[in-house]
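From these two lone chains plus the hints, build me the complex, please.
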Amino acid sequence: MPDALAHIAAADLAGRCRSREVAHLLLGAILPDLLSRPAARIVPPALEWAVEGLHAPFVVLLIAIAYLLIALPQARRKAAGGALLFGALTHYVLDAFQIQVVPAYYWLFPFSWKTGKVDLFWPEQSLYAIPVLVGAVAAVRIGRWWKARRAGRTEPAGSPAGG
Amino acid sequence: MRGPVHWLLSDRRRGAKAGICLAAAAGIVAWGAVRGPETTRHFSVVIGEPESYWGEEVAAGHRRVIRGEDGVVRLGPFVLFGPDAARIPAGASIISFRGMLDPKNRIRVTYLHIHRFEELRLGVSAAALAAVVALLVVDRRRRR
Chain A
1 MPDALAHIAA
11 ADLAGRCRSR
21 EVAHLLLGAI
31 LPDLLSRPAA
41 RIVPPALEWA
51 VEGLHAPFVV
61 LLIAIAYLLI
71 ALPQARRKAA
81 GGALLFGALT
91 HYVLDAFQIQ
101 VVPAYYWLFP
111 FSWKTGKVDL
121 FWPEQSLYAI
131 PVLVGAVAAV
141 RIGRWWKARR
151 AGRTEPAGSP
161 AGG
Chain B
1 MRGPVHWLLS
11 DRRRGAKAGI
21 CLAAAAGIVA
31 WGAVRGPETT
41 RHFSVVIGEP
51 ESYWGEEVAA
61 GHRRVIRGED
71 GVVRLGPFVL
81 FGPDAARIPA
91 GASIISFRGM
101 LDPKNRIRVT
111 YLHIHRFEEL
121 RLGVSAAALA
131 AVVALLVVDR
141 RRRR
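Going line by line, the protein sequences match chains A and B. Here the first sequence stands for residues 1 to 163, numbered as in the numbering used here. Here the second sequence stands for residues 1 to 144, numbered as in the numbering used here.
Same shape as in the complex, but just chain B (with noise of 0.2 Å):
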């Protein structure tokens, strides 16, 4: 039985099938690019006002936390205080957080994650990625 998959996976003007994917994908995509920061607060620590957000609960996933020669833990503009942000590791590091903003651009850590071996799992992932590659080149050789 021939039905809608069929006629999207045939030959049938494949290139203007395969155009209008992309560029629907390429559409939303950019759709989500201009309305995630009304929709989304997970990046308000890092843009923004920060006057708006006094009081509130603010959080950063996946951003690089900077401790600096002076011992102070900086995020972008905001500086991290508080007994969890004594753990962050000297130099620069990758960590998901929860804290409270004061009216002095600091940030109380309430919450904090460590994202560990970052190198290894960027190693990993790297390695997986070139064995999937390789697979395929060897089934396109294997058709050809």
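For reference, chain A alone in the conformation it holds in the complex (with noise of 0.2 Å):
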């Protein structure tokens, strides 16, 4: 896996979502992580590919539901939960591009046991990026505040905010 912060920082360059869902699609671009890495860390070792499991797309996607469900108000559930998939695709697309010397992600799991990789960088190739990467982000946020600054000022006195 790329470290969370490339994750993260992949999925905000890639999504366009509410701003309200921001948060979801962060979320989202490391719920795979988050749901593997600390249990594979807490088991032996020799038992890290029981909860391999956590990682692939389907269960990920039955607990995203169950969080919308149980986390979320109905009005905003759609929404944050298109926000939350779409991380989600963001990172596995990333996991996708990465060099794996064993099979280590089962994309289709629990239906095939099949894997497919790209092979294009190491895990720890991503932190290289970071700087890019988080340097575009900044770039984009700041391009999309100015826009959204200067839109503001040639608004005419009294017409309504824009959503």
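For the record, the hints were derived by calculation from the structure and aren't laboratory data. Worth double-checking, as some hints may not be accurate.
Across the chosen pairs, the derived CB separations fall in these ranges [what the hints assert, rightly or not]: (1) A:G143 x B:P4: 36 to 42 Å; (2) B:A126 x A:V93: 21 to 27 Å; (3) B:L136 x A:K117: 29 to 35 Å; (4) B:R108 x A:A71: 47 to 53 Å; (5) B:R143 x A:R41: 30 to 36 Å.
Note that this is a predicted model, so its numbers are computed, not measured. For every residue, glycine included, the Cβ atom is placed at its ideal position computed from N, Cα and C.
Next comes the structure, spelled out in structure tokens:
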């Protein structure tokens, strides 16, 4: 897995959602690792494979639905769910590009044990990309803020504010 | 239009739906834990009868390999050797490798990658996690 900062930076760059759902977009971007990595650290090394399923998309989807139902009001579930799942999608896309010496990600689990990968970078190499990713996120955010500020200035007085 | 997604995310029997989702997730993970050993081989170095893998290629990902004071590199009950094994730093390292197991429980390493910056990666990930949790807390307070 690339580190969590690379995951959330990539999700932030790729995703465009309502500003109130940004937290869920970023949560989705680290959700597979949030579920599986602590569990993998708790169990003995010889049993790490036993919690591998917590990283699988189908399992993450079920847990995300449970989270939406328990933690959020009905009016927000669809938007928050979309942001959460899009964040998780960006996570899996990044993971797919990581070099794996051994089979590690079972995309179709529990329906299949087949794995697929692109072998583009080693896990720790995402650290080298962090300055670029964080810089890109900052540039995009500042750009959006600047655009919104200019739009606010040019808006005629008395007109309703845009959502 | 009200479809299955609307029903799934509606308040109607939401406790039961959430419970079913969590139970299904737990059941699937448990099923994978039971079925995994027969289907996957990436932990074959760590568990199982070594004799059954004689001459076969073995692999391990993210395993802790210990170089003892005697200079010997060990992975569980196995000893790693060969020029690549000699590159493993002293102390504990997390590596991915491939190798050939011989009848003496020794693995000649044929491919090696040392995962570096493990602590830095953990630190960066912890900071990112803290940022997301802070965002969620702020979001929750704002809603109140």
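Cross-check of the supplied hints:
1. A:G143 x B:P4: 36 to 42 Å: Because 39 Å falls inside the window, the suggested range holds.
2. B:A126 x A:V93: 21 to 27 Å: Since A126 of chain B and V93 of chain A have Cβ atoms about 23 Å apart, the given range 21 to 27 Å holds.
3. B:L136 x A:K117: 29 to 35 Å: Because 31 Å falls inside the window, the suggested range holds.
4. B:R108 x A:A71: 47 to 53 Å: 52 Å, holds
5. B:R143 x A:R41: 30 to 36 Å: Between R143 of chain B and R41 of chain A, where Cβ atoms are some 32 Å apart, the hint holds.
In the structure shown, no violation is registered for any of the earlier numbered hints.
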